[in-house]
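Peer 1: Okay, here's what each chain looks like letter by letter:
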Amino acid sequence: MIPEIGEFSLIIALCLSVILAIIPMYGATVNNSLWMSFARPLARGQFCFMLISFLCLTYAFAIDDFSVAYVANHSNSKLPIQFKLSAVWGGHEGSLLLWGFILSSWTLAVSIFSKSIPLDMLARVLSVMGMIAIGFLAFMLFTSSPFGRYLPSFPADGADLNPLLQDFGLIVHPPMLYMGYVGFSVAFAFAIAALLSGRLDAAWARWSRPWTNVAWAFLGGGITLGSWWAYYELGWGGWWFWDPVENASLMPWLVGTALVHSLAATEKRGVFKSWTVLLAIFAFSLSLLGTFLVRSGVLTSVHAFASDPERGLFILILLIISIGGSLTLYAFKAPNVKSSAQFALFSRETLVLINNVFLTVMAMTVLLGTLYPLLLDALGGGKISVGPPYFNAVFVPIMSCMAIFMGASMSIRWRQTTTKNILQTLWKPFIGSLIIGVIFPFVYGNGFDSKVFLGISISCWVLSTTMLEFVQKFRHSSKYLTRLRKLSLSYYGMMLAHLGVAVVAVGITLVSVYSEERDMRMQAGDKVELSGYQFEFQGTKIVEGANYKADQGTLVVSSNGQQIAVLKPEKRQYTVKKSMMTEADIDPNLWRDLYVALGEPLDEAGTAWAVRIHYKPFVRWLWLGGLLMTLGGLLTVADKRYRHKFGVQNG
Amino acid sequence: MNPKRKTRLLIILGLVLGSSIAIGLTLFALEQNINLFYSTSQIVGGEAPKNTRMRMGGMVVENSIKRATDSLQITFKITDYAQEVTVVFTGILPDLFREGQGIIAQGKLDANGVFQADEVLAKHDENYMPPEIAETMKPKPTGVK
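For the protein sequence lines, the chains are U and S, in the order given.
So the first sequence is numbered by numbering that gives the first Met the number 0: it starts at 0 and just counts up by one.
So the second sequence is numbered by numbering that gives the first Met the number 0: it starts at 0 and just counts up by one.
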């Protein structure tokens, strides 16, 4: 009964989104405020029914209702409860339901926090979001409903969740990532609404900005979590694989980063209006493309589920309608938009423009590398794959150039700054960063290294210019605390996010250059030394978990005769699926990770094992930097500027 | 030329220059880093070049896995149910690597027609068949489990 209620709620939600897509939009066109005012209640109704539907599926997982096919395929009675609940989005159908649910949550949020937005704008925004909801709900109902039943005879127990997914990562990574993906639909809806109404102004940018920043922050957070999860779960010690699905999330993030910056310029200076709209369309299109790549099964990837081509075709059509439609609208409406403000060559506007160019170029090169194999295959050019070296070769130079401009941007004002001024402020940090970049590899490593020089210099450059700008705020003031409080939260947010970039740059550089890795054949009592740490293998024993059996190895790590850690990596066999899983063990700290994973037993008796040992310096900095960027993004939204607006309208 | 136009011209020139460098580098990098996929029949048939990085894939042949006793070297055969190719790999294999499983190997073909793999990929869903392999597989002969 409960699953049928879930299915039925989905249908009602679809009906409501059809009405939401038509009535308020039509009302805004003919200027009928009664019809426009339908937008808010419809958005709320849609959310309620999506919530019911989502809870129904969750309930089916919680009570082990294996008559529901999706539950039977992705759960098992022995699965720990937290994984049962997060298994809701552990497969294709459920993750679409999560997508739809998050979309309706964003729609609800827009309908609530929109007191300052004129009714016709709000009606259009919610209508556009309703259209997106139609697409996804129809997709779910026609091709991949999670509520299908195995009737009349259903399995006694479930087929279990993929062991890789039985992890804390599954609980947080997909919701976070989807919050970001789907969040760009709000920026997209605002852009379309602005094009339709012809009101592309600073007010529009101010409405759209907090939503875009939140979505961007979530997407960055989701990517960071994904990287961390892959690192400890896949057992290879890698943190980024240039896997097509990772690229699918990186592309909207890159374009989203560009969007966040150009929106700032649009709000503050009234420039780049039509470009900002285009970026908003791109960011959401890339989110859709990401969904298409992941869900259609056209890619070879960890994330690919076995799926049928009908689904791929459906998403492809959806993609063509939404991208084609929005770009056509853009082509008709954008020429009417005029930029009001002027700016000089040496101004912050120019730097925002440069930032945008670099980020879009980067997104395009990633897109090229990701889609090229698919295109070539579709044209009959044979099967190829594009490897990580391609992405590294384009990513490093483009991002390095961008970081140089990024450092400079902090000291350059809006509108105009004289060249003399720029040179005066920036020559010290520039020279200083170069010197640190040269010295660092001698002190930390064994001699000069050009990659370390580049990475550390860039990182110091961004760090020092950011701090310099901060310190200069206090130059003419003795009341530090008052000054500190006077700076806006969005300013702190920006500082934090930029510091995050510096931290990530340190992490990427040092972990790439100074990592050490060894794959060994080890028997109990064997010792090996890596980067000054001695690892002694003490054999394996069998341990049992809730739904798996494992060989657990013991490695004692010591440094200069002092024991510093005992690592217990496992090789698990999950009892239901009979599948093997490597569970690495890590001794982490801020400066380095010691990472060990068991390969396979090499002889019949199981005394000799293949063991993989990694030394990963500064790897935590990658995720720490990602976290800083996420926090920075969230902080900007808490700014008084946005809250104040709402307050005034309320009172 | 008035200063405003001069500024614009500079910006446009900069953009054109920057993007052409970017496009040039990108295409160069792409050229250098694409790996073609070959089936085992193509390799045995001599269609695949020697000493060039490529990908190949198929099913791991039953009872073909041989390990060295003193290192992590492993030798196995893979097949598309028509032709077999021997693969040599040193290192730790992915969890889903086993006999009868579809895998993709990345590496080079040496002069003796042995595939020297530096990477072996087996995907993490046992029902999932990489599309490259699915298309190149010959129909399963009857009697093969």
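One thing to keep in mind: the hints can contain errors.
To be verified - Heads up, simulated DSBU-like pairs for lysine-lysine below, C-alpha to C-alpha not over 30 angstroms straight-line:
#1 U:Lys114 x U:Lys337
#2 S:Lys3 x U:Lys332
#3 U:Lys337 x S:Lys3
#4 S:Lys49 x U:Lys337
#5 U:Lys267 x S:Lys76
#6 S:Lys5 x U:Lys526
#7 S:Lys5 x U:Lys419
#8 U:Lys478 x U:Lys576
#9 S:Lys3 x U:Lys576
#10 U:Lys548 x S:Lys49
#11 S:Lys107 x U:Lys267
#12 U:Lys540 x U:Lys576
#13 U:Lys114 x U:Lys639
#14 S:Lys3 x U:Lys382
#15 S:Lys5 x U:Lys576
#16 S:Lys107 x U:Lys450
#17 S:Lys76 x S:Lys65
#18 U:Lys485 x U:Lys427
#19 U:Lys478 x U:Lys267
It is worth saying that the hints were derived from the structure and are not from the lab.
Peer 1: Give me the numbers of the hints this structure contradicts, sorted from smallest to largest.
Peer 2: 4, 5, 6, 8, 9, 10, 11, 14, 15
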